[in-house]
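Construct the complete structure from the given sequences, taking the supplied hints into account.
Number of protein chains: 2
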Amino acid sequence: MTQYNILLDPSKMPDAWYNIIPDLPVPFPPPLHPATHQPVNPSDLAVLFPPGLIEQEASGQSVISIPGEVMDVYRLYRPTPLRRAVRLEKALGTPAKIYYKNESVSPSGSHKLNTAVAQAYYNKVAGINELTTETGAGQWGTALSIACAFFKMKCTVYMVRVSYEQKPYRRSVMQTYGARVLSSPSKETEFGKKILAEQPDTTGSLGIAISEAIEDAAKSGGAKKYSLGSVLNHVLLHQTIIGEEAKMQMESVGAYPDVVIGCCGGGSNFAGLSFPFAKDKLRQGRKIDFIGVEPAACPTLTRGLYAYDFGDTGMMTPLLKQYTLGHNFIPSGIHAGGLRYHGIATLLAVLVREKVMRAVACLQTPCFEAAVTFARAEGIVPAPETAHAIRVVVDEALKCKETGEKKTILFNFSGHGHFDMGAYDAYFSGKLEDYVLEQSVIDAAEECIPKVAN
Amino acid sequence: MTQYNILLDPSKMPDAWYNIIPDLPVPFPPPLHPATHQPVNPSDLAVLFPPGLIEQEASGQSVISIPGEVMDVYRLYRPTPLRRAVRLEKALGTPAKIYYKNESVSPSGSHKLNTAVAQAYYNKVAGINELTTETGAGQWGTALSIACAFFKMKCTVYMVRVSYEQKPYRRSVMQTYGARVLSSPSKETEFGKKILAEQPDTTGSLGIAISEAIEDAAKSGGAKKYSLGSVLNHVLLHQTIIGEEAKMQMESVGAYPDVVIGCCGGGSNFAGLSFPFAKDKLRQGRKIDFIGVEPAACPTLTRGLYAYDFGDTGMMTPLLKQYTLGHNFIPSGIHAGGLRYHGIATLLAVLVREKVMRAVACLQTPCFEAAVTFARAEGIVPAPETAHAIRVVVDEALKCKETGEKKTILFNFSGHGHFDMGAYDAYFSGKLEDYVLEQSVIDAAEECIPKVAN
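If you read the protein sequences in the order shown, they are chains Y and X. Taking our numbering, I'd label the letters of the first sequence as residues 979 to 1432. Taking our numbering, I'd label the letters of the second sequence as residues 979 to 1432.
One should not assume that every hint holds.
Claimed, not checked - The list that follows gives simulated cross-link-like pairs (lysine to any residue, SDA-like), each with its CA atoms no further than 25 Å apart:
1) K1068(X) - E1108(Y)
2) K1130(X) - T1351(Y)
3) K1068(Y) - G1156(X)
4) K990(Y) - K1385(X)
5) K1409(X) - R1158(Y)
6) K1333(Y) - P1277(Y)
7) K1068(Y) - T1014(X)
8) K1197(Y) - G1156(Y)
9) K1130(X) - V1004(Y)
10) K990(X) - G1232(Y)
11) K1130(Y) - A1355(X)
12) K1197(Y) - L985(Y)
13) K1409(Y) - P1146(X)
14) K1132(Y) - A1404(X)
15) K1132(X) - G1408(Y)
16) K1102(Y) - E1033(Y)
17) K1068(X) - R1053(Y)
18) K1172(X) - M1294(X)
19) K1068(Y) - A1355(X)
20) K1130(Y) - P1073(X)
21) K1409(Y) - G1156(X)
22) K1132(Y) - A1069(X)
23) K990(X) - S1230(Y)
24) K1385(Y) - P1073(X)
25) K1384(Y) - D987(Y)
26) K1385(X) - R1053(Y)
27) K1409(X) - E1143(Y)
To be clear, the hints were calculated from the coordinates, so they are not data collected in a lab. None of the values given here were measured: they were computed from a predicted structure.
Structure representation (structure tokens):
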């Protein structure tokens, strides 16, 4: 009997995260101070982050233990199931074997809770009782709201305006967990007020919302810290629990992936699934095709500039080496709000640059088409972000159908689409617009990117 | 280490349902033909149901095997997790041990898929390719939509108007799975047109929607059959997989419930969890307090008349022995749409009548209050229906806090509230209205109930 639902015994849940930095093929390009262009000191970050996270950000250790208090929360929903998508395979008529790690079963509905819990914990032990953050689609804001409820902390979420308006119930969910949710740009920060004055009709962007959340924390006199849902090393680190579990689950059925796929906004869900497998490629030369999928409307990895740039629009973060469309880039209002980010995690940028991984960009309509195929076969409605991964999974599976190859494809089912049904309505009614970013926008981006000697 | 997340090895998933009929303390009161008042023949039901389900409806066997094709779909999401709600226990400061069976992890978001899959299967093997049904909150319609997608069948869902309007995204979900969804009363059936003419502003009701779905199937000349999401014996039977799994999971950690709690609309989720434990009470005299929870606005078990009545408003079903508020009763527009039903499953009615089980009724505001407490402690936002169960779980746990008793409480977390955030918004903004049904309405109900010699 083929095993569909591959569960991991809770007592065997991994109790450490995997840090890929020591295994990188090139030295990690450090974040730079925006004024001096010198690597930032840990103390430069202390206004925003607690010591535990700053330490992880620059750690040279491969294996980092998960604190017991974090494990306790993980045990509420982890280990998550690994599924063999036999019904999807049949629907596609492919000889490929498709597996997905189902992170949508977390209470927040996505992988985001894995790092939210860790971040809330390290802040709590540092005596912090309030966090600020941004959210795009709302998956991250929901996760941090839950984590703050668990650790009895306050939480303020700056939610990108287009998502705030498209998805009012995401706001309600965060409020149910006790968070305060503001439409970004807001009137609560200087930066928000500036943007509103300049562009009153802006859709908002993750870059703007990050600036607002950072400003809020930075001006709190130490009472609040800032929490980021992707991009940074410590965030990607916390997500590696996904890949660590998936490896054990694949092994338990004698499987190993030829292709690993995930959608990419800041990069954390793709990194979380793929890094533990990338370790095998980096250390042992194992042949695996890693594919990050991004929207054609925000094609960071496929068409962005490889450069040091700010992580936010307000130029408040250190300079991070990345692929970037420019920190003042505001993507079109596509429904995958979690993928509307001008940059990408440095770790992923390096791995794509070094050809350990690759990226492809998709239009949103074919992504929703693949998502509906998936829903009707496997039962779960994917988030629009996850739909991007599924599009490429289906494409790879159909290639196998042509060639007869029996590839093993593994992807991250990063989140469900329960709060994205408005996007599905738009898809079904033919109202979804497809955007390919114009080259002139990318060319113009270069002007806003700081000149750093590489 | 306390085990929070009690998983069952998929290879040990029960492969049979438990039929409680042979264990009832009194003979099962059969459904009656509305004209003759004689027990219906299986052939009377053939216009609506396939042979496999009709056989189960009147089966005298205790153990009924689950077909392999149904097991295959169950394996997509079952066994579902049993959770020890330690965080809720701590939040309440109770010495009670609280466990919940998490049916919200099913792709449909609730327990309803357990019977939807079985019903679609038995129809499919009987050569039927189209099903009609009703839905209140949308949990059942979603489940049947998925099941029909899995077995490549068409699905038409009559959705109670108040829910159709309160929850547009539930409709979108069903459409994503390929179903056709109509607001009930609709203009597609004679009965719907009649109700619309008489009461153009009606909120609709499950009773009306059932009549429409039955009419649609009955007039299809055999092309369509009708599918019911609760009430009937075969539906409750299919849900016993919940309790069968829960028993094994409780045993695996050396636990057994003193109290078993579930919300009651038609009764299927409560029956599904409780019947396998009720077997122990009926056969071995084991002491367990079974509590069904219903809304004070629709208090069937606590204040309804014990009588033969129709299952639908249009008087198209056989007469079913039950507690009833009258088949033409239209409940207030409370948010727990799945609990807005005038009657109750005969099996539960008998067990309450015979004092094997008991029922309590709750106002909706305290239910939402308990639901928010649960969400902030355990992370999952409950459906408004499930919130009713949680209210009584919290009450029982707080009683234990007073008395010092260390009771073991088990409840069915029947579904998540991801499509019910409008109700939470109403709760947070203080706009939720609480209804207690007036006695005059119940007194008046007697007039519409058919006179049957008991």
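Consistency of the hints with the structure:
no., hint, result
1, K1068(X) - E1108(Y), "holds, 22 Å"
2, K1130(X) - T1351(Y), "holds, 13 Å"
3, K1068(Y) - G1156(X), "holds, 18 Å"
4, K990(Y) - K1385(X), "violated, 30 Å"
5, K1409(X) - R1158(Y), "holds, 20 Å"
6, K1333(Y) - P1277(Y), "holds, 17 Å"
7, K1068(Y) - T1014(X), "violated, 50 Å"
8, K1197(Y) - G1156(Y), "holds, 22 Å"
9, K1130(X) - V1004(Y), "violated, 52 Å"
10, K990(X) - G1232(Y), "holds, 20 Å"
11, K1130(Y) - A1355(X), "holds, 10 Å"
12, K1197(Y) - L985(Y), "violated, 45 Å"
13, K1409(Y) - P1146(X), "holds, 17 Å"
14, K1132(Y) - A1404(X), "holds, 23 Å"
15, K1132(X) - G1408(Y), "holds, 22 Å"
16, K1102(Y) - E1033(Y), "holds, 16 Å"
17, K1068(X) - R1053(Y), "holds, 16 Å"
18, K1172(X) - M1294(X), "holds, 14 Å"
19, K1068(Y) - A1355(X), "violated, 40 Å"
20, K1130(Y) - P1073(X), "holds, 22 Å"
21, K1409(Y) - G1156(X), "holds, 18 Å"
22, K1132(Y) - A1069(X), "holds, 17 Å"
23, K990(X) - S1230(Y), "holds, 17 Å"
24, K1385(Y) - P1073(X), "violated, 53 Å"
25, K1384(Y) - D987(Y), "violated, 29 Å"
26, K1385(X) - R1053(Y), "holds, 23 Å"
27, K1409(X) - E1143(Y), "holds, 22 Å"
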